[in-house]
Amino acid sequence: MRLAGFLSALLVSAPVLACGYCVEDKIASVYDHAAITRALAQKHRVVFFHVEGALPYSLASQRDIASSVASTPGVDAGSARFKPETATLALAYDPARTSLAAVQAALEKRLARHKLSLMALQIMERPGDLKTAKR
Amino acid sequence: MTPRTLLAVLAAASVAACSPGTPPRPDPYDVSRMDLKPVPARVSAERNKGAFSDGASLSKGPELKPLDPSPVKTIRLDTTHKIIEIAPGVKFSAWTFGDQVPGPTVRARVGDRIKFVMTNRSDEAAPGLRFTAAPMMHSMDFHAAMVSPQDKYRSIAPGQTIEFEFTLNYPGIFMYHCGTPMILEHIASGMYGAVIVEPRNGYPTRVDREYVIIQSEFYAKAPAKGDKSGIYVLDTERLRAAQPTHTVFNGVHNGMVKSPLPAKPGERVRLHVLNVGPSKTSSFHVVGTIFDRVWFEGNPDNQFRGVQTVLLGSSNSAIVEFMIPEEGSYIMVDHHFANASQGAIGLISTAVKPPVQELEHHNMPSVDATPTDPEAVRGQLAFQSKCLACHSIGQGKKLGPDLAGVTKHRDVAWLTRWLKSPETMLKTDEHAKAMLKEFNNIPMPNQSLTDGEIREFIKYFQWYDAQPAGTVPHSAGGH
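Chains A and B supply the protein sequences, listed in that same order. Using this note's numbering, the letters of the first sequence map in sequence onto residues 1 to 135. Using this note's numbering, the letters of the second sequence map in sequence onto residues 1001 to 1479.
Fair warning: there could be bad hints in the mix.
[Unchecked claim] Derived CB-CB ranges, DEER-like:
| no. | chain 1 | residue 1 | chain 2 | residue 2 | range |
| --- | --- | --- | --- | --- | --- |
| 1 | A | 59 | B | 1201 | 39 to 49 Å |
| 2 | A | 132 | B | 1206 | 52 to 62 Å |
| 3 | A | 94 | B | 1236 | 28 to 38 Å |
| 4 | B | 1111 | A | 59 | 47 to 57 Å |
| 5 | B | 1074 | A | 94 | 41 to 51 Å |
| 6 | B | 1267 | A | 38 | 54 to 64 Å |
| 7 | B | 1151 | A | 117 | 22 to 32 Å |
[To be verified] Derived lysine-lysine pairs resembling DSS-like cross-links, with alpha carbons at most 30 Å apart:
| no. | chain 1 | residue 1 | chain 2 | residue 2 |
| --- | --- | --- | --- | --- |
| 8 | A | 43 | B | 1049 |
| 9 | A | 131 | B | 1049 |
| 10 | A | 131 | B | 1420 |
These are calculated hints, taken from the structure and not from any lab test. As the structure is a prediction and not an experimental result, all values here were calculated from the model. We put the CB at the ideal spot given by N, CA and C, even for glycine.
For reference, chain B alone in the conformation it holds in the complex:
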């Protein structure tokens, strides 16, 4: 075919495509057909004293309830202050929607009307606790809505209630969060959740399982010396420097390792993944499978096929769908492994309780064996975050020695000197020199640990060495 002929064919095809006989495909996002009718928000001093969250369209855990067919969805998400456990032994002073972190997930579809009500109950005392954050103003910002922020997203004082409504015009997975200054602090304290909006005619695929995975960061500061509450509070310095202490799925460090999401071989799984940040990006990946479809932002019009990892900025989302090829535990992970090492790990498993050994291939520690002393807990978390690349505890040598039994071979003073300044010890101490030779002259780098961090590491090693043989699971270095 000559270029001239080719041009003629293309021109004819183009004319045919635009001929009057072919009706144009309606734009599903035609703004003139969207419901943008504003109804002013209403603020009152009526305080709700009932449940902190309410609505048939809400799911409170990772397992999503089926779509509620009602075209009008009434939702209550009250704000509270409460203590939550974000990691073993780490009790954190959180601010919540619906008294949980993340807040309940809203499920609806394009065209549905959301009638939202929220009472600020941050001034209600948490049962049994003397300490929570001071009551303060809060608000709600729904990314799924197209409304005036000055009207609908206004902050309300403790004891006040705000009501507003809107129609869902776009499909997707949308974040909701508190928008009261300082927004960064409100999100980092736990005030976020997801709204899942299905396309008007549903998704183009059928699946066997659906879960919601929300990634977020915590910036937790340990209780000050002498503070007997044992409660961690927001570390605003780390928050502003974007240096989280925990990066988690669904609010808990390694939470879905302890409680894996079930699936069976041959099943198709749909994950609704949302990264709420507030400051880190997620490289969401599931070890052992390939995403058959990825709908960026949860909208099937934004489709990729055959994807290994989805990159999600703060408040980005995606639906990922994949098959479970065979029996096993498929590991959800933020492939920014620094984030994974802070707790952004979960399992989708064909077994009710997956064997803990399966995690060993990925340097992911077991969470079953946990000390109770807060310093030892911090030491364990720090060890899991910083040391597993070079050391094991009870599983043999790696780049560096196995640390099981280290407190029986070396006293606290030696360990303290070693952790404080390994480079000095390598020049002056015979044991250190011998260890360097044994490990191919690879020196232990100085980790710039504080005295407190060193004490925590040693407390963890002492706890480990005090466990009776056989009581610590193998992947945590059991005897």
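Bound-form chain A, shown alone:
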């Protein structure tokens, strides 16, 4: 019974139809053009993270992670996009007020209770210009 429960949870949470393996595929899974356009128009930056660690299967835990990210200081309001299926997170921040390293540190502090850490994949400073993220 426990095995069946585990398997059904696995199926529910499996990355349906997406390989989620390539960096670009991960970014595509959280890419929100309207949110990105809004951020870049304010000269903010959009960063895409890989979420490292065992992501919880329960929707409640996933929602908890998303709200933790959204309320982290430095993260633009309404900009966070989290996709558990591809373990990817996108958000915007204002480089005039904070740095990528500071945002990442603040996020990881909040995600520590879920035993999750972040790896910055790519960053967008101008439309159509994705670059490898450097802290």
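Use these hints to put chain B onto chain A, whose structure you have.
Same frame as chain A, now just chain B:
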């Protein structure tokens, strides 16, 4: 000949075949002779503002251009979001390569180098329209290439451009498609096309006509009530359940019935057929002829002779060649007739405009008479998909009654009750009981129609009955 003698003869023949004097036939697929030299893909923020597709090797319609002799073929296929009409009155929010569905067909031959460039222009507004899908990342996956997917098939954001190159090593008809998650949604939204790779020395037969036929499915959801855009969007529930609303050749419901492909009696026709799915199998058949040759996957090394139907899974292909024996319209069809009834029909015709009656033998409706009211359009399509086996409209009785004039004999309330629950009506209504008797006690099955579907059927019947005599073509049940 005794068994011992036979063995001796076979052994001698075998030795002779392997003797040093007989040079071994070179393997045309010797991997050591293939060009697999990788050149890294390049991604930039340079946006193309010119044509959405470009290249001498591209054909934009079913008629294939002759092979471009250049050994290096430069191809541009930009991605766009646009509204396309997949059936009369069904305007669908599509995602495209080269601003068309299917994307342009690439024609090349083994050994050719393809230099490919693509700008993601999904963020460009479609002229005159307020509504298209949100801009998103896209990519290109060429089945004809042997390359690292992580390098060449990476997704690019709106405004970005990717360039990569590869050499064609195998002959065949190969699919190309967007490979960005969710792949299923990208293909079902229209992001696919064909690459035709001829053998290095050409095909072993000569033909008079060549066409490309691409079969695909659409999963279209009607606009919500109150949505005045009139635009259909992808129905993701039907998509995941593999329940298409339209199955089509070359992107349009019954498209090549309206615009048949020309051929003349005595001519040999070569069709390059590709089923892109994304989820259905095709039983490709041409009524009135037999495929003289079938090259599965478009490779002459995979040959069958005298074939009636070719079974193609999703992303399978075949070249079929046949003769046009006499004057007539030869009907291309997916012989899974559920698919055909959703629009996978086309004609190869010796006449410029084939008479519409020719389709009647196959339960294939005319597409010339079309209502404009969206509900009536949906009703017509549903009628053509579900009802023609038992009913006609204007062509007399079949298993069930001819439905021409039905809205003049029965009011909307009666028709609604009948379509909602025929089994109840057969117990309680005198007209229904009389009809059952007239039609050999064959009851109308309950089609489990929703109220909206019933309204659409009635709207179609009302439209039909309102047409002046002689204005609806005969095969659509003209008066």
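Checking one constraint from the list: CA of residue 131 (chain A) to CA of residue 1049 (chain B), max 30 Å. Satisfied? holds (23 Å)
28 to 38 Å was suggested as the range; check whether the CB atoms of residue 94 (chain A) and residue 1236 (chain B) agree with it. Holds - the Cβ-Cβ distance for residue 94 (chain A) and residue 1236 (chain B), about 35 Å, lies within 28 to 38 Å.
Assessment of proposed distance window 41 to 51 Å (beta carbons of residue 1074 (chain B), residue 94 (chain A)): holds (42 Å)
Quick check on a hinted range of 52 to 62 Å for residue 132 (chain A) and residue 1206 (chain B), using CB atoms only. holds (53 Å)
Proposed proximity, residue 1049 (chain B) with residue 43 (chain A) (alpha carbon, max 30 Å): holds (24 Å)
Checking one constraint from the list: CA of residue 131 (chain A) to CA of residue 1420 (chain B), max 30 Å. Satisfied? Status violated; Cα separation ~59 Å.
Range hint 54 to 64 Å: satisfied by the CB atoms of residue 1267 (chain B) and residue 38 (chain A)? holds (59 Å)
A range of 39 to 49 Å was offered for this pair. Does it hold for the Cβ distance of residue 59 (chain A) and residue 1201 (chain B)? With a Cβ separation near 60 Å, residue 59 (chain A) and residue 1201 (chain B) fall outside 39 to 49 Å, so the hint is violated.
I want to verify a distance hint. Is the separation of the beta carbons of residue 1151 (chain B) and residue 117 (chain A) within 22 to 32 Å? Distance hint for residue 1151 (chain B), residue 117 (chain A) holds at roughly 27 Å.
When you take the CB atoms of residue 1111 (chain B) and residue 59 (chain A), is the distance between them in 47 to 57 Å? Holds, since residue 1111 (chain B) and residue 59 (chain A) (Cβ atoms, about 54 Å apart) stay within the stated range.
The earlier numbered hints that this structure contradicts are 1 and 10.
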